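These protein sequence lines map, in sequence, to chains A and P. Read left to right, the first sequence gives residues 1 to 277 (the numbering used here). Read left to right, the second sequence gives residues 278 to 562 (the numbering used here).
A hint or two may mislead.
Now the in silico label distances, taken between C-beta atoms and shown as ranges [to be verified]:
id: 1; chain 1: P; residue 1: Arg469; chain 2: A; residue 2: Gly59; range: 33 to 39 Å
id: 2; chain 1: P; residue 1: Ile459; chain 2: A; residue 2: Gly140; range: 28 to 34 Å
id: 3; chain 1: P; residue 1: His543; chain 2: A; residue 2: Ile37; range: 49 to 55 Å
Because the hints were derived from the structure by calculation, they are not lab data. Predicted model only: the values in this text are computed from it and were never measured. All residues carry an ideal CB built from backbone N, CA and C; glycine is no exception.
Next come the chains, spelled out residue by residue.
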Amino acid sequence: MTFAVDAPTAAGIGAAAVAKTQAAHSPLIAVKDVVKIYPTVAGEAVLALDHVNLNIGEGEFVCLVGPSGCGKTTLLRLLAGLDTSDHGTSSLAGKALNGPSEEVGVVFQQANLLPWFTVMENVLLPLRVGGARKTEQLIGQIKALLKVAGLEGFENKYPYELSGGMQQRAAIVRALARDPKLLLMDEPFGALDALTRERMNAELQRIWMASGKTVVLITHSIDEAIFLGDRIIVMSPRPGRIVRELKVDLPRPRVATEMLGNETHTALAREIRMLLE
Amino acid sequence: MTDIRTQSNAMEMIALSSAAEKNRLRNVRFRNIGIGFAGFLTLILVWKLSVNLLSVPSYILPAPEQVVVALWSGIAVPVSSPLGWYLPLWSTMSNALAGFLIGALLGLFFGSLMAEFRAVETALMPYAFALQSLPKVAIAPLIVIWCGFGDGSKIAMAALLAFFPMMVNTFAGMRAAEVERIELMKVLSASRLETYRLVKLPSAAPYIFAGLDMGIVYALLGTIVAEFLGAQEGMGVAITKAQAVTDVAGVFAALVVLGITGILLHLIVRRVERSLIHWADRGKR
Chain A
1 MTFAVDAPTA AGIGAAAVAK TQAAHSPLIA VKDVVKIYPT VAGEAVLALD HVNLNIGEGE
61 FVCLVGPSGC GKTTLLRLLA GLDTSDHGTS SLAGKALNGP SEEVGVVFQQ ANLLPWFTVM
121 ENVLLPLRVG GARKTEQLIG QIKALLKVAG LEGFENKYPY ELSGGMQQRA AIVRALARDP
181 KLLLMDEPFG ALDALTRERM NAELQRIWMA SGKTVVLITH SIDEAIFLGD RIIVMSPRPG
241 RIVRELKVDL PRPRVATEML GNETHTALAR EIRMLLE
Chain P
278 MTDIRTQSNA MEMIALSSAA EKNRLRNVRF RNIGIGFAGF LTLILVWKLS VNLLSVPSYI
338 LPAPEQVVVA LWSGIAVPVS SPLGWYLPLW STMSNALAGF LIGALLGLFF GSLMAEFRAV
398 ETALMPYAFA LQSLPKVAIA PLIVIWCGFG DGSKIAMAAL LAFFPMMVNT FAGMRAAEVE
458 RIELMKVLSA SRLETYRLVK LPSAAPYIFA GLDMGIVYAL LGTIVAEFLG AQEGMGVAIT
518 KAQAVTDVAG VFAALVVLGI TGILLHLIVR RVERSLIHWA DRGKR
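With the sequences and hints as input, model every part of the structure.
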């Protein structure tokens with residue numbers, strides 16, 4: 001079975017995507033001319049991000065790919081409010097992003113659950129700290145999310161009693177606890193085995209389609225980027241720059257087995273591969 | 278049909294192997310207890326033989342049975358008898374525990390403060406190091422001058438000795454808190470106090486318990502040292518009294534009582550630790 005999609009040439013996709021992004025009206029996230037310089041221990045300065053411009057629309061799923069040290073994580077940390085840029089501005093829904101925001105949820109590389117809390121206590125943590133509002137509605141939403149994430153019945157377990165995949169799903173639920181507009185994910189499935197990872201991708205797609213959040217996901221896996229992304233941003237290392245934006249024209253929900261041999265998929269994968277060499 | 282048979286075979290094998298594993302663990306435990314017991318018996322035997330064969334006088338090293346007699350003479354008396362272990366042990370224990378509590382809380386407080394504020398660390402670290410390297414029992418005479426021969430100096434001594442392991446371990450434990458967990462709290466705009474209470478303190482818990490474990494034994498040590506310096510009651514006094522009449526068996530018996538007390542305190546701390554921080558060492562699995 002194949003997708004009922006016309007597969008344009010690889011070059012065509014790239015050009016179309018760039019044109020489309022620039023035209024996006026009032027994006028949820030606007031990153032303008034952002035520069036980030038890191039001092040190293042040796043005393044040199046590393047240009048981690050070199051005049052990066054990026055617009056992300058509401059509800060969009062954007063994947064950042066690029067070799068190690070290309071500034072993907074730096075960009076994500078800026079959006080998470082964990083770092084500040086040395087030049088340029090970034091904004092969320094028109095408001096400048098200068099620090100952590102209630103409207104941003106973050107999923108780390110490791111599940112990063114607090115081992116002394118149960119799953120329920122972990123996913124409720126965002127409502128407990130930082131002066132967050134703790135409404136019945138949000139708690140109800142979290143319970144529903146736990147169900148979607150297949151964690152029902154595990155609420156009172158401790159993280160060490162869960163598999164790696166379950167821990168990471170709990171971390172995703174926690175990131176969504178405050179009902180943020182934006183979900184940032186830094187290689188969330190990198191530590192999982194290939195099969196679990198594939199299943200997690202499908203589940204993330206399901207959670208994303210159900211929640212309608214805007215997602216920015218960093219990944220090393222080209223397949224993961226194509227499977228999940230509406231748009232793929234390819235970055236180059238040192239100085240970190242955006243070299244290409246590619247639109248993924250594949251219908252949803254996407255199914256992993258149908259990706260194999262799909263023409264659009266193959267063309268995109270080949271192009272990204274070539275950009276990364 | 279063959280399917281069912283292989284399946285039940287597999288189940289049987291699983292049951293058998295888990296039973297075998299249980300058996301093995303039980304055997305290991307029995308063997309360890311056996312080794313411990315054999316070692317203890319050998320020690321007593323060597324002790325007894327060397328006392329007899331080398332005809333060591335009992336004011337140098339009493340025979341094991343003399344120690345047992347001395348121990349028993351302190352046990353087989355009414356609880357309120359001045360000849361029993363009960364009164365001095367109660368005195369020593371209550372002072373040691375009071376001092377331990379004070380010292381541990383102060384250690385927790387200053388350790389947290391130093392870990393949380395660089396300025397406090399810079400200001401206090403030199404003194405902490407200086408005091409740490411000083412043999413603290415050497416301060417005991419000074420403390421007796423300040424606090425007198427009563428319970429005050431014993432509690433102060435116990436607190437002083439319990440303070441340092443607690444302070445150092447709290448400090449080290451809080452500094453060892455994982456960066457990712459602190460960043461999580463930062464992303465959530467958590468306050469400093471929230472991060473301390475919900476992340477740093479639990480992160481430091483295994484270190485803090487190691488500090489408590491050391492602290493409780495040190496508190497006992499501190500109390501006894503203060504008692505040596507001219508107190509009216511306590512195990513330290515019982516030891517010096519026995520020493521005064523070269524009742525070496527009595528000294529040994531007192532040491533046995535203190536040794537067992539120390540082991541019990543240690544076991545209590547371990548027990549509390551295991552039930553409170555059951556998640557430790559398993560968090561990353």
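Going down the list of hints, with the structure as the test:
Between Arg469 (chain P) and Gly59 (chain A) the beta carbon distance is about 35 Å. The supplied range of 33 to 39 Å therefore holds. Distance hint for Ile459 (chain P) and Gly140 (chain A): a CB-CB separation of about 30 Å, consistent with the stated range 28 to 34 Å. The hinted window of 49 to 55 Å between His543 (chain P) and Ile37 (chain A) holds, with their beta carbons roughly 53 Å apart.
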